[in-house]
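Those protein sequence lines, which keep their order, are chains A and B. Each residue of the first sequence is one higher than the one before, starting from 1 at the first, in the working numbering. Each residue of the second sequence is one higher than the one before, starting from 1 at the first, in the working numbering.
Please keep in mind that the hints were generated in silico from the structure rather than gathered at the bench. Every residue gets a Cβ at the ideal spot worked out from N, C-alpha and C, and that includes glycine. Mixed in with the good hints, there may be bad ones.
To be verified - Taking beta-carbon pairs under 7 Å as the criterion, some of the chain B residues facing chain A (in silico):
1. Gly-27
2. Pro-30
3. Arg-33
4. Thr-35
5. Ala-38
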Amino acid sequence: MRKTAAVLLSAILLALPLAAMPVSQLARSGAVLTKPDSDYAFSANPAFLSEGEAFYLRAPLSLSMGNFTDIMTSGILDLQSLDEAALVESAMDILRSFNGNMDFLTARTSLELSVFGFGLSVGGRAELDTQSGSVDIGFVPCIALGLDWGYGHRWHIGQQWSVAAGFANHLLLEASTSPIDAESFVSLALDPSGWDISGYDNIHSSVWDVGVHAQMPLGFSAALVGQWDGDRLALDGALGWKGSWSVFSLALEIGMRDFNLIRDSVDLMKSLNASADISITRFISLSAGISQGYPSLGLDLRLLCFSVSLAWWYQDYGVVYALAPRDNLAVEIALRFD
Amino acid sequence: MKKTVLLLISLFLLLSCSDPNIYTAMGYDPLSRLTRTAKTVSVPDGSSFNVLSLAPMYDYDITIDYTVRADRELLVSLDEAQTTALIQAIDYLSRTGRLEAALGEQLPDELKRACYDTKAFIYLALEDLDQLTGRILDEIEQAGISLNTSALEDFLDQLLELMDPQQHSTTVEDYLAIQLAENVVSAILQCLQIIILDIPQSAVRYTWSTVSSDEFLSVDGLVDSISENAVELIGVIIRSVADLDQVSSNIPTFFSLTTVINEVLG
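Isolated chain B, as found in the complex:
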C-alpha cells in the first residue's frame, strides 16, 4: 500500500516537472479552446470609412473618415480580451517550447490578403502620423519639456519598417506584428482624440487629410491640450507599448518597453 502511494506521488511529481497541469502533460491543449477568428472590414475603392472603427479597444467620441484608393480588406485591431488571450497564448507556447513552430506556421490565403491590405493601410497612416507626431514633439520641445524625441521617432520608424507592404506577410509572426502595430496606431489615434477633444472645435466629424494637415492644430492649443492631458496621454502610450513588451519578452524581434522608456527618458 505504502509503495503504491509513493509510486503514485513520484509519477505525479514527474508529470508536474514537465508541465504543471497533469491534463496538458497528458495531451490536452488549451489552445484548442481559443477562438481564432480574425475580424475584418471590407472597404471598396474610393469609399470612406471611420479609421477609429478599426480600434475597438478604445471608446471614441469623434469620427475620422479615411478614403481608400483601392479595394481593401482590413483587419480590425484586437480588443482588450483578445489581446490578453494572445499574450497568454504566446506565453503558453513559449513555456511549452512550441512558440517558434507556431510563429512559422503559414497563414490561410484569405488572411494573407487582409494582412497585405492592412499593412498597406497602416504604412500610409503611419507616414502621416509620423509627420503629425513629429510636429507635436517639436512643439513639446519648444515648450521646454525634456524628452528624447528622437527615440520616439526611431520607434515609429521601426514600426514603419515592420509594416513595409513590399515585404509579404505569410506567417503567423507577420500577422502578430501587424496586429500589434495596429494596436499602437489605435493608441496614437486615441491620443489624437484626447488632444482634439480638449481643443475647442466645432465639428466631431473630420477627414483624415484635415486631421493630418499642418493647419489643423494650432501651436498654442496643442501645447495647452498636451499639458492638460499629459497623464492620460502617457497612460495610453505606456499601455499600448506594454502589450508589445509582453509579446517581445517572448519574441525578441519585437519591441521592448524597457528599451523604449530608457531611450525616451534618456
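Bound conformation, chain A alone:
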C-alpha cells in the first residue's frame, strides 16, 4: 500500500513541475483567438508566439473541481461531521451527483517559455475522473505530460495594420490507471498487497496548429487557426474588437470552432462561441463567455510577477449534446516574467 502511494505521489510530483489551457481562457469560453497574449500562444493561436517582449516565461499551477455547484450547494460535502458514516454517505452522494465519465478534480502545471518568437512549453496534469452509472462507480487517476514548441512572427503594415502568423506542435503522453472502483476497494479490504495498479491505458498524440492573426483599424481584428491531429483538419475562426476609455478597456470576440466540420444545427450550436472582457487598468479584468451554449465567468488579477485567475464554466458530458452539463470552478496562480 505504501509502495502504491509512493508510486502515485512520485508520478504526480513528476507531472506537477512540468502545458494546459490557461484558466483565464476557460473563463472566456476559449474565445481568445483574437486576443494577442503570449498566454494563449499554445492553447489558442500560435501566432501569439510573436507577442510581448523578447523574453517571456510563465509557470502556472491550477486546480479545478467538476460539478462544483451541486457539490457545494446541496450540502453533500458535510465538513462539519467527520465521522466515518457521514464521510461514506458524502462520498456516495458525490459519486451519485456524477453520471458517466466526468472530470472531478484536476491539477495542472506547466513551464512556458518564449524567446524572440520561439516558444517551448512542458506541462502535466493529474486528475481524478469519475466513472459511474452503467460504466462503473469509482475514480480514474490520470497523469499526462505534454511538450509544446513553435514559432511566431508579426509583420507591421503601416500604422494600423499588422499580421502575425505562427505554428505549434503539441506532443502529449497520457496514462490512466485502472479505475479505483468498488472492486478495487473490496480487493484492498481483503488483501492490501494484492491491488495491482500496473495496468494502465496509454494515449499519445501529436497535434499541429497553424494560426494567423490580423490587427485592423478601429480596434477590429480577425483570426484563423487550423489544427491537424493526423486524421482531420479542424478550422477555427473569430472576429474581435477592442476599445479603451481612460483606465477601462473592453474586448469582444465572436467565433466559430471547427467550422469546416459543421453538418447540422447541433454542430452549429456547438461551434459558436463568444467572449467579453472588461479590464480596469492592466491589473484587473472581469470576463464572461459563451461556448456550446454554456456560460462562463472569470476574474484575473495581475500584480508584479504574479497573476491569479478564477474561472467558472460548463462542460457537457452528455451521450447527446446538452444532456449532461456540469459546471467547473478553477483557480490558477502563475509566476510570469515578460
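Keeping the supplied structure of chain A fixed, place chain B upon it in accordance with the hints.
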C-alpha cells in the same frame, strides 16, 4: 454601448439561471436526439433460448437454455451505453422538472405486450434465482462469512413484487422498472457464470432447470468458487445496484444502493 453590453450580460445570466444551456433554455430538447428503440426477442411457445442473450452488458462463455411455455416477446436488457443514456436522460428530466410527466406517459401497445411478457419471464426466473441465491447464501453463512443475508433476500423479494405480472405495465415508469430489474437479473446470471466457470464442469451448455436444481452445485465447490471470486462477484453486484441507485436518487419508488449496502453490512 455600455448599457447594451450590460443588458446583454443580464439577459444572458437570467437565461443561465433557468437552464445552464442557452439553447435548451430557448427550446432545444436534447432528448429529441436520443434513440428510443426497445430491442426485443421473439420466442415461440415451447422453444428454447439462451437467457444470457437477453443481457448484452456482459460477455458470456456459457449457454443456459430456457424453455418458454407460451409465445413470448422479450425485451433485451440495456447495454452500458444505453444505461448511461437512460440515467442521464432521467437526471435531465429531473433537473428540468419534467420527470413526473415523462414517467406517467403511456407506452405504445406493442411495447406493453413486450413488457408483460418480460415481466412474466423475469418473475419466473427470479423465483428460481431466489431459491438458488438463498441456497448460496446459506452456504456462505455456514462457511462463517458474516452477511445480513435477509437484507439481500428482502431485496430480491422487492424485485419479485415489482415484477408481479398481475400488475399491468402501462407507463414509462413500469417500463423502467422492468429494464432495471432485467439488468439486476443479468448481473445475477453473470455472478452465476463466474461461479460455474470456476467449478470444474464438463459442459458449457446447460438448461435452466439443470442450473436451478438443488443438485447442480456441490457445497464444497460452491464455497471455494465464491471465496476465490469474491471480489469480482461483489463488483458485479455493486455495479448493477449502482445503476438502480442512480435512477432511485431521482425516482424514490425505486431502490437505494446506500440502503441495500447498509442493510447487508448490518
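Review point. Hint numbers the structure violates, sorted upward?
Key: 1, 4, 5
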